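**Q** Now for the letters of each chain:
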Amino acid sequence: MQLLDIRNLTVEMQTPQGIVRVLDKVNLQLTEGEIHSIVGESGSGKSLLAKAIVGFINPNWQVTADRLWWNGKDLLAMSPQQRRQITGRDMAMIFQDPNAYLDPNSTVEQQIVEAIPQGDVRGTFMRRRVDRKTRVKRLLHRVGIRDHEPIMDSYPFELSQGVAQKVSIAIAIAHRPKLLIADEPTTAMEPSTRLQIHRLLARLAVSQQMSVVLISQDVGSILPETKRLTMLYCGQLMETGPAKDILSEPAHPYTDSMIRMSLQTQQELPHKARLPTLPGAIPTLRHMPIGCRLGPRCPHAQKTCVKAPTATHERQRVYHCHFPLLVTSS
Amino acid sequence: MTRYLAGRLSVFIIAVFLLTVFSFSLNYFFPGDPITNMSGVRSFQSSYPLIMEMRGGKENIATQYMHYLHHLFTGNWGQSLSNGTPVFDDGIQHFVASMELIILALLVAVTLGLPLGVFAASRFRQGSDKAVVSLAMVGYSVPVFWLAQLMILLFAIKLGWFPITGQINPLYGVEPQTGSIFIDVFLSNSEYKAAALQDAINHIVLPVMILAIMPMMLLLRLMRNATQEMLQKPFIKAARARGLSEWRVLVKHAIPNALQAVLQQTTLLFSLMLTNSIVVESIFNWPGMGNWLIRSIFERDYPIIQSAVLMFAFVILFFNLLVELYHGWRFPIVRHEQYATR
Amino acid sequence: MPHVNLYHHDETPSPLQLVWKSFRARFLSMAALYLLLAMILLVLVSPLLAPFNTSTQFSDAIALPPSWVESGNMQYLFGTDDLGRDMLSRLLIGGLYSLGLPILMVAVSSLIGMSIGALAGIDRTIKYQSLSRLFDTLLSIPSFLMALIIIAILGTGFNNVAFAITLSLIPQFIFVTRNAVHEEWHKDYVTASRLNGCSKAYLLYRVILPNVTPTLVMQLTVSLSVAIMDIAALSFLGLGIQAPTPEWGSMLARSLDEVYLSPWSMVLPGVTLFVTIMTINVVGDSLRRALKERVNS
Amino acid sequence: MIKAYVTIAAISALLVSGCQSEEPEPAPLANGIIYCSEGNPDTFNPQLVTSGTTVDATAAQLYDRLIDYDAEQQQFIPALAKRWETLDNGTRYRFHLREGIQFHSTGYFQPTRALTAEDVQFSFNRWLDETSLYHPVSGGSYPFFSATGLDQLIQKVVKIDEMTVDIVLNNADSSFLANLATDFAIILSAEYAQQLLVNDHPEQIDLLPIGTGPYRFENYRKDVLIRYSRHPEYWRQGPGIEHLVYSITPNANKRMLKLVTGECDIIPYPLVSELNALNREQLIVTNEVSPNVSFWAFNTQKEPFDDPMVRRALSHAINREAIIQTIYYGNAELAQSILPPTSWAYDNKGIQYQYAPEKAKRLLKEAGHSDLNITIWAMPVQRVYNPNARRMAELMQSDLAQIGVSARIVSYEWNTFRRRLSRGEHDTVLIGWYADNADPDNFFRPLLSCAAVATGGNRANWCHPGFDQLLYSAIATTKPEERKALYQSAQHLLNQQQPLLPIAHSKRFQAQQRNISGVELPPYGGINFRLATKSTAEDETQ
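Protein chains in written order, with the numbering used here: chain A, 66 to 395; chain U, 2 to 343; chain C, 58 to 354; chain V, 61 to 602.
These are computed hints drawn from the structure, not numbers from a lab.
A quick note: this is a predicted structure, and the numbers were derived from the prediction, not measured.
Every residue, glycine too, gets a C-beta built ideally from N, C-alpha and C.
Keep in mind that the hints are not guaranteed to be accurate.
A few chain U positions that, by computed beta-carbon distances, are all more than 10 Å from chain C [unchecked claim]: (1) Y5; (2) F13; (3) F31; (4) A132; (5) S142; (6) S191; (7) V206; (8) Q261; (9) R301; (10) Y303.
Rough simulated footprint, nothing fancy, chain V against chain C, three-plus residues with beta-carbon under 8 Å [said to hold, decoys possible]: (11) 88–96; (12) 109–121; (13) 137–147; (14) 201–214.
Below are the PhoX-like pairs computed for lysine-lysine, each with C-alpha atoms no more than 20 Å apart in a straight line [said to hold, decoys possible]: (15) C:K78 with U:K234; (16) U:K131 with U:K159; (17) C:K349 with C:K244; (18) C:K244 with C:K78; (19) C:K244 with U:K131; (20) V:K425 with V:K362.
Let the sequences and hints guide you as you build the complete structure.
**A** So, in structure tokens, the structure goes:
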């Protein structure tokens, strides 16, 4: 069974200039224990998708979907309390700027303790205290912090970003969630730290039997263990499917350009060489093109692109394009 | 913390030093003979030459200042120009009486203002929030002396619930020893302590109420805004997403962080409190520092003006020091920010 | 390849415009602003508007209630006081002392305070930092107390009171301006401009000032309400503007003797004072709110 | 959180119910009276002052005199002296003292003996005899006695035996006994004075007083209160209460509010019209005719007030009728002379102080003044003769503006005010006088004689030899017709010279709780609590 099943998720925002559709009919399926990457440039709505899943929404956002199921239960039909309970129990999320998501005036220990489910701690009052402490230590060890003593008594502002992110992960996994959403957890971190965090996530996915949704800006920084990949552009789903297939054979022109750019940036460019980017710039929220939002920038765009393309299903892949690069066998 | 503590203490000590310099220079700003202004002894009085000698009146200004400091710290604050009583002894009583009033009002303001502020923030932009905030705006804008008169007309004259002047009915024979009426009732040898206590409570209700209103409304608004701002912060959202109950999010995360922001505004709170206490004490004939200061200005009793100002300023500095120390102790990020280089 | 501009670009509003926009959006803010402007206008033209001289005593109309009361007289719209002086004229002219004078005092003290504060805000050495810390501590002494000290030195009287309150307001302006300028000064965009070789004066006026203006205007409203409150409280205590001058605080103080005979003589100045202060507070509060919205958006 | 609110509500409910409890008043409240006086006393010895506030607070409460004046019977009655006789053609008075009169026994002094002739002799010599050790103590100025000339009149005080004392006059004086019965001629304890000399604190005689009066001194806190308790060994019928507290409340409005809330039992100088508007059943307002006058005095030693024409001009500018209506609410009589109409020497024939602004302008012009800038000093306290001097000054300010004179109102705290007044710092002053005795002389010599200039009693600083001559002739004779004629010419001279403008003769008001009785307002001076009693609710039901 699908752990998470999203069909046609639409999020609309109220802005002074009127209603803007920031997520447009996005689909996402997730099975247990898999690592799923969502890739898109800034403004593509990938963070928003994650927030919509965990119910992290502002009151002036309008969320609609044909289906937003978690473990077979409809999240949208629930009361906010019920939903918060479920997401609180089953899901967890970590963020790009870990320090902002930690309470500046509580110690690391206090914050991890708070995340440990009450039911886990047993015994008398004194025993419980000791038990909690050992659990905190264990969690810190699990996220790769060996020297736990100074860290436990620290305040968030005293931690480096990497350590803070590890602490965030420790808080996230304290209640053994089924799903961990990592929203660009390693952007703005130095490569070694990034590698550590990535490895940690991959290991946790395996050892904790936990699904991981990893959101990142470019294809190059996704985990090697990624099973499925979803490409978003301006709130629209471009392509989704098994990561290996997509990376080797992109069907969508957008995916193609993203992959090429990622490869190019990893090698030295000759002097005055053109970057393999798409022409134009990402449109602002207020000026979304109609139809396929990639339209104005797409090298293959034609007149029909002003109509939104329907989904093309091919094996395990789905893509939305009138003129896919992949020539289907059928 | 040690560094923070040392920093704050040294600033405090330097501020107090500057304050003594200021109050010393007041002797020269005030009209008349500086030695008289300091000591309250007039030049035609027989003890004047002795005082002149003791205060270094014929020597240079630095020596005079040292003499002044010496007198200040030994509690020899001169005598009143209008009735010759020692200023220090009087001052202590007035000081304690004021503090009693101010601290009680502060307690009322905090116990009502903070919860109401959190309440309003948790109902942000709903009807009850708007009602509370409008009330706070009104309460904050009423001139305290007008409010006092209206309250007197309502509670004392119309309803006849509370008396309007002094600390206690003088017929109870409770003489001020400390200045704090509750302690004085306890120390007195009256046979009717219970009745006297009741009477003292009756006397203090109205001034405390009036004094508390403006700071309460200020706190309410500060707390509402701070809490509301905190509730927008990512870590609060993260805590919510983690499935913590709204109550726990509020109590454990939003309120402490909002308090940190509110505590930074305490200077404003104290200055409002002290300003209003001067007016309220004058209206209610409360034998506190404010009343003392105003009366001494009318009577041009310079040694008293000087002492009252000194005590007022010292109280503010001291209160601020306490709050800063608590702030630094409770919220380590404050200490961090203080020394973070920008 | 020519780049076709497919998307039309909006003018990016300046920070000031942004604040004004969100300020304008709220009915209450605008209502308060208009009321405040109306009051200031009223005060400015009050000598023309006032139907009578404030010291003229109508011996045939002593302690006459306002016109809306049955025994009132339309000739004296707000009634007369115990000496038969027209309340409306006294309230109007009183505005000169209770609102006009504070505006003047705030204007003078803000000019002085802001210039010092701006200079202090851009100078930043360790020695200076510890000094300013000390300065802040001493600034915590309330302005009312400062005014009292100055009055104790100089004695009461119109000029002395005006001088005392003006002087006592300056520190707050220095404090706020310094903090605001300092905060902007260390923002990256200013650093960038500085690296571009802009002069300090240019930075201050062209780069920083537009960004701190709303904060300063907010402080203006705060100081104005403090000044009004201070001058009224001083007069109420008998240390400010003296009795025959129709200042609202002193009118209130002397009306207490006949609260029961002519309650309007106490209620009217009080209400006027209250509405004035509240209007200013609402404007200030709305400004703070608009400012926050700008920062948040 | 909710619990906290409930608790707060409960506490406040308790407080409120507590204030309204029906329980009988606790004992200290039931047998004590609070009198909300209008100001601080300067001292506790009325010999040293003429200030009514000090006299009210001390004379009748702490001390006794040799003789008293009974206003109803219009005669002198025995007090400390059980009888007296006139000898040597009215130049020697012999007083026989009452036996066994005890001085106060307090924490600072325990008397060992009853009143004797020595005490009388000491008390008189204090202000009479410049060689007395106590004469210079507390400033050495005795304004009442020098203004009335009593210190010149009395030659010496002779002790005949332990209980008999003779007062020898330089010449016969018809006002002597009247002055002796005033609040100022009190008897101090010689024994206490001796003790203080030994302790080297003679000034304490005026600060920690000892007398024979119905109350003894407990303590005094400036601006707060004076506390008295009953003198248990008082020689005649004493008060029905144990404690008497003067709660010092200078603000008239506050005083009235305190009466309403029950914090005061009696208040002087009430805002009569306000109280009537309040219409509270438990309060009563009494009034009595009182020989007093309020006036506007010009400092005749200052330019341009040394010119009678200027003084007359300013007088004509004042609308006194309006003052009577707005300041006194009609409870006063327009003054045509410094003497009240009830006095036998009163004369208003040919005397007029009319309101004539045009004439005032003309006079001022003739005197050669335009754009005159003056100060009006308005006393900060209420007195019998003037319930609100500052407001009166405001009225006059606008009257004066009509004739082109701009006036500035000056006011200080009461003691400061009088101190500066005595130094002659004022241009003009609104003040007044109420009589200490029934003799018309009391309105002239303390106020306008040259001797009173030196003592500060003459607020106009006006010294007119002809006027002085008239006054001294008037007291030298005992024939009423002759005296009346002299006083009439004095009044005419005053009208001509106008060192001051008489404004009003006011009634004397007092407001009190209904359950207080026995508090006397003698027409000549002060307030007397000798027979004060307070009935409790229980008494009334019995």
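**Q** Each of the hints needs a verdict: does it hold here or not?
**A** Evaluation of the provided hints:
1. Even its closest Cβ contact with chain C, about 12 Å, leaves Y5 (chain U) beyond 10 Å, as expected for a residue assigned away from the interface.
2. Distance check for F13 (chain U) against chain C: the nearest CB is about 7 Å away, which does not clear 10 Å, and the non-interface claim fails.
3. Against the 10 Å criterion, F31 (chain U) falls within the reach of chain C, whose nearest CB is about 6 Å from its own CB.
4. With a closest Cβ-Cβ approach of about 14 Å to chain C, A132 (chain U) is found to remain outside the 10 Å limit, as its non-interface label requires.
5. The Cβ of S142 (chain U) does not lie farther than 10 Å from every Cβ of chain C; its closest approach is about 4 Å, which violates its non-interface assignment.
6. Once the 10 Å rule is applied to beta carbons, S191 (chain U) is consistent with being away from chain C; the minimum gap is 34 Å.
7. For V206 (chain U), the requirement that its beta carbon stay farther than 10 Å from each beta carbon of chain C is met, with the minimum near 21 Å.
8. Against chain C, the non-interface label of Q261 (chain U) holds: every CB pair exceeds 10 Å, the least being about 18 Å.
9. A beta-carbon of chain C is positioned within 10 Å of the beta-carbon of R301 (chain U); the least distance is around 8 Å.
10. Listed as outside the interface, Y303 (chain U) is inconsistent with that label: its C-beta sits roughly 8 Å from the nearest C-beta of chain C, within the 10 Å cut-off.
11. With 0 residues bearing a CB less than 8 Å from a CB of chain V, the segment 88–96 of chain C misses the requirement of three and the coverage assertion fails.
12. Against chain V, the segment 109–121 of chain C contributes 5 residues with a C-beta closer than 8 Å to a partner C-beta. That satisfies the three-residue criterion, and the hint holds.
13. Requiring three or more residues with a Cβ within less than 8 Å of a Cβ of chain V, the coverage given for the segment 137–147 of chain C holds, as 3 such residues are present.
14. Look at the segment 201–214 of chain C against chain V: 0 of its residues bring a Cβ nearer than 8 Å to a Cβ of that chain, fewer than three, so the hint is violated.
15. The suggested pairing of K78 (chain C) with K234 (chain U) is violated, with an alpha-carbon distance near 24 Å, which exceeds 20 Å.
16. With a CA separation close to 31 Å, the supplied pair K131 (chain U) and K159 (chain U) exceeds the 20 Å bound.
17. Restraint check: the Cα-Cα separation between K349 (chain C) and K244 (chain C) comes to about 17 Å, which is no more than 20 Å; the hinted pair holds.
18. Taken as a hint, the K244 (chain C) and K78 (chain C) pair is broken in the structure, with Cα atoms around 24 Å apart against an allowance of 20 Å.
19. Taken as a hint, the K244 (chain C) and K131 (chain U) pair is broken in the structure, with Cα atoms around 35 Å apart against an allowance of 20 Å.
20. Pair hint K425 (chain V) plus K362 (chain V) holds up; C-alpha atoms about 19 Å apart against a cutoff of 20 Å.
The structure fails to meet hints 2, 3, 5, 9, 10, 11, 14, 15, 16, 18, 19 from the earlier list, while all remaining hints are met.
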